[in-house]
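Got chain H sorted already, so can you dock chain S onto it with the hints?
Same order as they appear, the protein sequences are chains H and S. Read left to right, the first sequence gives residues 1 to 127 (our numbering). Read left to right, the second sequence gives residues 1 to 151 (our numbering).
Be careful, since some hints might not be right.
[Said to hold, decoys possible] If you want the footprint, here are the derived chain H segments under chain S, 3+ residues with CB under 8 Å:
(1) 25-32
(2) 49-61
(3) 74-82
These aren't lab readings, by the way, just hints derived from the structure by calculation. For glycine and all other residues, C-beta sits at the position ideal for the given N, C-alpha and C.
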Amino acid sequence: MSETKVMPNEASVPSPESEAVFVPRVDIRETADHFEVVADMPGADDKSVEATVQNRVLTIEGWSCPEKPEGHEPLGQEFGGGRYRRDFTLPDSVEVNGIRARVRNGVLSVRIPKKEDVKARRIQVTG
Amino acid sequence: MFEFVTAGPPSPWTLFEELESLQSDMNRLLSAPEARPGRRSRTSYPPLNAWTSEEGLTLDAELPGVDPAEVDISVVGDELSLRGKVNVREPAEGETVLRRERPAGEFQRTLQLPFRADTGAVKATFRNGILRIRIPRSEEEKPRKIAIESA
Numbered sequence: 001m002s003e004t005k006v007m008p009n010e011a012s013v014p015s016p017e018s019e020a021v022f023v024p025r026v027d028i029r030e031t032a033d034h035f036e037v038v039a040d041m042p043g044a045d046d047k048s049v050e051a052t053v054q055n056r057v058l059t060i061e062g063w064s065c066p067e068k069p070e071g072h073e074p075l076g077q078e079f080g081g082g083r084y085r086r087d088f089t090l091p092d093s094v095e096v097n098g099i100r101a102r103v104r105n106g107v108l109s110v111r112i113p114k115k116e117d118v119k120a121r122r123i124q125v126t127g
Numbered sequence: 001m002f003e004f005v006t007a008g009p010p011s012p013w014t015l016f017e018e019l020e021s022l023q024s025d026m027n028r029l030l031s032a033p034e035a036r037p038g039r040r041s042r043t044s045y046p047p048l049n050a051w052t053s054e055e056g057l058t059l060d061a062e063l064p065g066v067d068p069a070e071v072d073i074s075v076v077g078d079e080l081s082l083r084g085k086v087n088v089r090e091p092a093e094g095e096t097v098l099r100r101e102r103p104a105g106e107f108q109r110t111l112q113l114p115f116r117a118d119t120g121a122v123k124a125t126f127r128n129g130i131l132r133i134r135i136p137r138s139e140e141e142k143p144r145k146i147a148i149e150s151a
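Excised from the complex, chain H in its bound form (with noise of 0.2 Å):
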């Protein structure tokens, strides 16, 4: 089966060797000429996170080390730091060189074109 969308590929996370690996949770939105996945990942910055394309699979990595306050003894604990990772299918109709990501307050956008006969073009229609 062929996708004409971008998924996330469930079955390759986390991924064997590493059983840590938070999988970010993600929203995935698509307008007529791109997509874009839009990712959880808390603690981490633009020198953490990674963004790789290889066989139309998207991978989206990061990390976060969280700075624990000094002289204090922790009280609770209901989150971690640690690696982030997850995979996605995309489909053959983007553009896989023009992929451009960025990341902002803890959140990684990935912003992935599509190919130029594919974007849905709004025609004139004269009278």
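Relative to chain H, chain S alone:
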């Protein structure tokens, strides 16, 4: 190097449950995601870490993507309230949402602090999606060394 929640020892939840009084936990998240891959299925939002010292308490809240201007922190006596909105956005024109896992909506969490706070000295910073709140003890609650006078 890292600590992982998913593969760690039994979590110190009990400490946190004590900290968080049942009555005052009015936690509310409008649209919790159905799928929460990789994370614990805990309903309280945002997830918190807390540390104490003689000086006070440091609280980290995981709030990726939140606009700090949309977060309201209030400390009254020994009670701290954290409320705000996260990822509240209208889809752009011509945009289709294919998948939505990230939490979105309003949240509120109220915690019972183990001491009375110096409310005027509470400070907060926001970095890489993590909100850190420093809550000093009120002066009268700080441990004090008593000088022993010789008779």
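Coverage of the region 49-61 of chain H by chain S, judged on three or more residues with CB within 8 Å: violated (count 0)
Within 8 Å of chain S's CB atoms, at least three CB atoms from the region 74-82 of chain H: coverage verdict: holds (count 9)
Apply the coverage criterion to the region 25-32 of chain H and chain S: a residue qualifies when its Cβ sits closer than 8 Å to a Cβ of the chain, and three qualifying residues are needed. holds (count 8)
The structure is inconsistent with hint 2 alone, although it conforms to all the rest.
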